[in-house]
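Participant: Spelled out from the first residue to the last, the chains are:
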Amino acid sequence: MSTAVRKSPRLHGPAPGADSGGYRARGALAAMAATLLACYGTLAAIAFLSAFGIALSPDQAIWKGTIVVLALSTTASVAAGWRRHRSPLPIAPAIAGSALMSYLMLVHFDRALEALAFLLLGLAVLADRHLGARAGCAARRGADR
Amino acid sequence: MTAHPIAVPRNNDAGTRPPVRAALLLLGIVAVLNGLGGWLGAQIGVGHLPQAHEPLDALWLALALVYVLAMALPFVPGIEIGLGLMLLLGDTGILLVYLCTQLALALSFLAGRLVPVAVLAALFRTLKFERASQLLAGLAASPREERLQCLARGVAGRWPGRVLKHRYVALALMLNLPGNAVAGGAGGLGLLAGASRLFSFPRYCLLMAVATSPLPLLMLLPRVA
Chain A
1 MSTAVRKSPR
11 LHGPAPGADS
21 GGYRARGALA
31 AMAATLLACY
41 GTLAAIAFLS
51 AFGIALSPDQ
61 AIWKGTIVVL
71 ALSTTASVAA
81 GWRRHRSPLP
91 IAPAIAGSAL
101 MSYLMLVHFD
111 RALEALAFLL
121 LGLAVLADRH
131 LGARAGCAAR
141 RGADR
Chain B
146 MTAHPIAVPR
156 NNDAGTRPPV
166 RAALLLLGIV
176 AVLNGLGGWL
186 GAQIGVGHLP
196 QAHEPLDALW
206 LALALVYVLA
216 MALPFVPGIE
226 IGLGLMLLLG
236 DTGILLVYLC
246 TQLALALSFL
256 AGRLVPVAVL
266 AALFRTLKFE
276 RASQLLAGLA
286 ASPREERLQC
296 LARGVAGRWP
306 GRVLKHRYVA
316 LALMLNLPGN
326 AVAGGAGGLG
336 LLAGASRLFS
346 FPRYCLLMAV
356 ATSPLPLLML
366 LPRVA
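Sequence order for the protein chains is A and B.
Residues 1 to 145 (the working numbering) are what the first sequence spells out, left to right.
Residues 146 to 370 (the working numbering) are what the second sequence spells out, left to right.
Incorrect hints may have been included.
[To be verified] Pulled a few chain A residues facing chain B out of the computed Cβ check, cut under 10 Å:
(1) L36
(2) K64
(3) V68
(4) I91
(5) H108
(6) F118
(7) L119
Just so you know, these hints were derived from the structure itself, not from any lab.
Ideal Cβ placement from N, Cα and C applies to all residues, glycine included.
Required output: the full structure, derived from the provided sequences and hints.
Facilitator: What follows is the structure in structure tokens.
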């Protein structure tokens, strides 16, 4: 086996399949976390501040709009993973989740359906990471042969 | 065929195992957050529950659908219809119209990209747009790399070359030009952009998201202030 000095990922980029999709996959996860934070984090912040007598009433349009935009960003990040794993599996729940979230925020709200929308988005992100890692492993095996 | 000296089980890579544990963890997190969110919302009287100016759900959906279809069609003044809808529907309507605009423009682009250029050329010929038909037929005949030169060859002067070079900026400006319906409207521009194969879809989507944002932002900013 060769004992060549390992190339620095900083200089030469990560080895093929070194992770589940690099910045793009991490971006999808971050967008998903930001969607959760925009939704429940805002509620928690309002509740926390109201405990100290500070009443906040955020603009509903901006609040809902932020959640919708972040959900769509999650879907876009997941969809970008197509180039890596060529599977529609994560894209379908991502589209369904963001469409449901848009409907809930813009047309008619339902808390149980909101949980379902978050679950669909989360499953899409997980499937994207899993398939990205698998594609990476396959590429690594191909390179090793 | 010789066996590998060290047999590696096929599914031994941690990255290739189905993330069942992570999925269960996600389910738990979402359930807890949703339950807590519901309880907190009830305690402090805040939620995402739509409050004022909520027309019938079906009316919203029908309006959105008609708008997306109208916007995606060539020669329809979609931006003007969108402006009217934003004024009619108020705060939440602004965001809805913006999202529907993105969907419609992406649809028109994909229609242009997926429909064969020869079919589009025949359609233009039927509509008596002979020059547009010839242009599309010429584009279809030339290889992808030579399409820019093919377009530049057909027109004289410095400006067409510059416009082709900065085609994304030109498209954004054209989209915001009042009365662009006579040049095909937003739907027609998207259709031609897709048919030309000179625009990448992600960049086009990003461009549209930025190019169509000034109007909704101008309408939202006074409300925020």
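Participant: Hint by hint, say whether it matches the structure.
Facilitator: To see whether the hints hold, each was checked on the structure:
1. Look at L36/A: its Cβ gets to within about 7 Å of chain B, closer than 10 Å, so that hint holds up.
2. A cut of 10 Å between beta carbons decides the hint on K64/A: the least distance to chain B is about 6 Å, and the hint holds.
3. Restraint check, V68/A versus chain B: the minimum CB separation of about 7 Å is within 10 Å; hint holds.
4. A cut of 10 Å between beta carbons decides the hint on I91/A: the least distance to chain B is about 14 Å, and the hint is violated.
5. For H108/A, the interface hint holds, the least distance from its beta-carbon to any beta-carbon of chain B being 5 Å, beneath 10 Å.
6. Of the supplied interface hints, the one on F118/A holds, with its beta-carbon coming within about 5 Å of a beta-carbon of chain B, less than 10 Å.
7. Interface restraint check: L119/A against chain B, minimum CB-CB distance 5 Å, threshold 10 Å, status holds.
Of the hints listed earlier, the one the structure fails to meet is number 4.
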